[in-house]
Amino acid sequence: MIDLTTQIGLKLQLKNPVLTASGTFGYGDELADLIDLNRFGGIVTKSLTLHPRAGNPSPRITETTAGMINSIGLANIGVDAFIEQKSELLSHLPGKVIVNIAGRTEDEYADTLKKLESQEWIAGYEMNVSCPNVREGGIEFGAKPEILNHIVGRIRDLTNRFLMIKLSPNVTDIRVLAEVCQKRSADAVSMINTVYGAAIDIKTRKPLVNTVIGGLSGPAIKPIAVANIYKTHRAVDIPIVGIGGISCGADVVEFLLAGASAVELGTVNFFNLNAVAEILEFLEEYCVAQGIGVVTELVGKVKV
Amino acid sequence: MRHLTETIILENNAVAKNIFRMTLKCPEISRSAQPGQFVNIYFSDQIHIFPRPFSIAGATDEILNLIYRVVGVQTSQMAGWKIGQTVKILGPLGNQFTVDASVDNHVLIGGGVGVAPLIFLADKILQGGIEPQFFLGVKNRDEMPDGKFFRQLQDFHASSDDGSIGFHGTVVDNFLSHLPGIKKSVAIYACGPEKMNAALAQLAGERRYDCQISFERLMACGLGLCQGCTVKKNSTDAEAGYLLVCKDGPVFHSDRVMFND
Ligand SMILES: Cc1cc2nc3c(=O)[nH]c(=O)nc-3n(C[C@H](O)[C@H](O)[C@H](O)COP(=O)(O)OP(=O)(O)OC[C@H]3O[C@@H](n4cnc5c(N)ncnc54)[C@H](O)[C@@H]3O)c2cc1C
Ligand SMILES: Cc1cc2nc3c(=O)[nH]c(=O)nc-3n(C[C@H](O)[C@H](O)[C@H](O)COP(=O)(O)O)c2cc1C
Ligand code: FES
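In order, the protein sequences belong to chains H and F. Take the first sequence: its position 247, counted from the start at 1, is 247 in the working numbering, and no numbers get skipped. Take the second sequence: its position 96, counted from the start at 1, is 96 in the working numbering, and no numbers get skipped.
Looking at chain H on its own, in the form it has when it is part of the complex (with noise of 0.2 Å):
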């Protein structure tokens, strides 16, 4: 047996390093009949917000070479209506449930929070400060290094649990927000968020989401993730946690060796169902033919 124990920060500790990424696995709830979600070493939510969001209009998704764009818009059933409708399942688990919050405003990060914190069975926080697909909010928080410093400066402020940072990497030196995150008691920071794309139907001429630019995501965005996780590794010391474009065992082994501690799997969910239990075993074979006894070992082991 493989030790495929994680630990993420001094706050986090995975049965394995396998998560589910935001967005592209409902709140943990979608798949339970289909998916042993046990088999995760953690369940990161869709991105919650203070109220409920209905999102974009449609089209909001289509598929691209090795991947898509979608422009979904943080469409989410509200902070209040989550913890009403989904504790009850999502307290049950093995694995650790992380929520993701997303807002508008600072204030609506800091009260989503503070509501999301008389939960007990949550684990830890993403915070969403990456999304390309809404007007306000999302991106602009995780693009100035300012802005960043002051709004993760005050939610930590507010919570004792494990708090991560998403990134997106659409910036101009995503080590340098990474940074800010490090300086203010981030736990971690979970990178990337999908890589701004755009898609146009030639016979209508019409884009083909709605707003025109969407966040591309699948095996396509695979080598800009690995480039983003390698160079942040050599840059800060808080721990990784790698995601983009994820869709096999072996992509996961390189996401470690680039220095990402534990990995989130996103676009695949819609197109692998299994993709959790072959990554495992892929792991344990991995490291056994390695000569490995803990899977932590192959983090940033990239040999340049």
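Derived by calculation from the structure, the hints in this document are not laboratory data. Don't take each hint at face value.
[Stated by the list, open to error] SDA-like cross-link-like pairs, simulated, lysine to any residue; straight-line CA separation at most 25 Å:
(1) F:Lys232 with H:Ala54
(2) H:Lys206 with F:Pro193
(3) F:Lys184 with F:Asp155
(4) F:Lys247 with H:Lys114
(5) F:Lys88 with H:Phe282
(6) F:Lys247 with H:Ser58
(7) F:Lys88 with H:Asp36
(8) F:Lys232 with H:Glu63
(9) H:Lys114 with H:Gly78
(10) H:Lys86 with F:Pro193
(11) F:Lys247 with F:Ser32
Got chain H; can you put chain F with the ligands on it based on the hints?
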């Protein structure tokens, strides 16, 4: 109960120009499938990543039927699949048509390959001892599926846009031309292009017919995970929000949703 399984192809033949019928041995899904529900077919290719949704066109004990039109990458692949080959499939997904037996006239209206879920529905209605009325519109004679699908239907009406088979005109016009003969209460069950659906919804609204329509949307997951397959709720409230075709649908009562979102 939804199942993800590997199934075996028993048949995969052309039934009209560019339209195929695939028969799968798939008891896990066929035994609980209801008309209106669909399945996801998964492909191993990582270039076109989405699974593809197809309505269930028939289910008997161990057998599941699909009827599909070749329109792009994956349906072209499917047309080449051989008997005995395995297919990864998930279902049954989504909701179903509801049949109120107290209604006098059950009218099924299909446009093109929208015929698929209606063939299954017609089977179910017939099994209940009721004779449904079936209207099917196609572009031209070449696209009219093999007559054997409709042989058991007494009350079947074909139409084509170019008049090469059946009534010359749209399926909605064909239905309208029969309306004077249709007395008492009417329930419409439809699946077809958005334009046909919108026309039927308007007609149903004017005449207060119960009208259920099966929708199509591009789907990334088919499972309520991505929130990509929305249809707007019919409401004067601008913030009314959306329904998911894969999870809340694909069948909606025509007065619950908007047709030009
Ligand atoms: C609930 C549901 C049930 C369906 N049932 C059937 C069925 O019984 N028989 C059948 O032939 N088809 C059905 N479809 C449509 C079918 O899923 C698409 O035709 C198929 O996904 C096309 O795949 P492709 O790779 O061949 O085409 P692509 O190469 O992906 O696309 C070719 C063209 O078709 C359009 N397209 C692709 N997917 C869809 C979609 N889901 N809705 C509308 N347009 C689309 C694309 O925009 C493009 O213009 C159904 C769709 C839904 C949502
Ligand atoms: C349909 C869809 C919805 C998403 N919604 C959210 C969201 O609500 N909050 C968030 O932080 N990220 C969201 N994401 C981004 C993913 O969590 C992930 O960062 C990104 O898709 C890259 O990973 P992937 O290539 O494995 O999907 C969404 C992605 C997709 C495809
Ligand atoms: S297709 Fe993903 S939610 Fe409907």
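Taking the hints in turn, this is what the structure says about them:
Annotation: proposed proximity of lysine 232 of chain F to alanine 54 of chain H holds, straight-line Cα distance about 10 Å (limit 25 Å). Between lysine 206 of chain H and proline 193 of chain F, the direct Cα distance comes to roughly 19 Å. Compliance with the 25 Å bound is thereby established for this hinted pair. In summary, the hint linking lysine 184 of chain F to aspartate 155 of chain F is supported, as the alpha carbons are separated by about 17 Å, within the 25 Å threshold. Of the pairs offered as hints, the one joining lysine 247 of chain F and lysine 114 of chain H is violated, with about 31 Å between alpha carbons and a cut-off of 25 Å exceeded.
For the hint pairing lysine 88 of chain F with phenylalanine 282 of chain H, the CA-to-CA distance comes to about 21 Å; that is within 25 Å, so the pair holds. Between lysine 247 of chain F and serine 58 of chain H the CA atoms are separated by roughly 16 Å; this keeps the pair inside 25 Å, and the hint holds. For the proposed pair lysine 88 of chain F and aspartate 36 of chain H, the alpha carbon gap of about 19 Å is at most 25 Å, so the pair holds. Of the supplied pair hints, the one linking lysine 232 of chain F and glutamate 63 of chain H holds, its CA atoms being roughly 21 Å apart against a limit of 25 Å.
Among the hinted pairs, lysine 114 of chain H with glycine 78 of chain H is consistent with the structure: their alpha-carbon atoms are about 13 Å apart, no more than 25 Å. Straight-line distance between C-alpha atoms of lysine 86 of chain H and proline 193 of chain F comes to about 37 Å, which puts the hinted pair past the 25 Å bound. Under the criterion of a C-alpha separation no larger than 25 Å, the hint pairing lysine 247 of chain F with serine 32 of chain F is consistent with the structure, at around 17 Å.
Violated hints, in rising order: 4, 10; the structure is consistent with all others.
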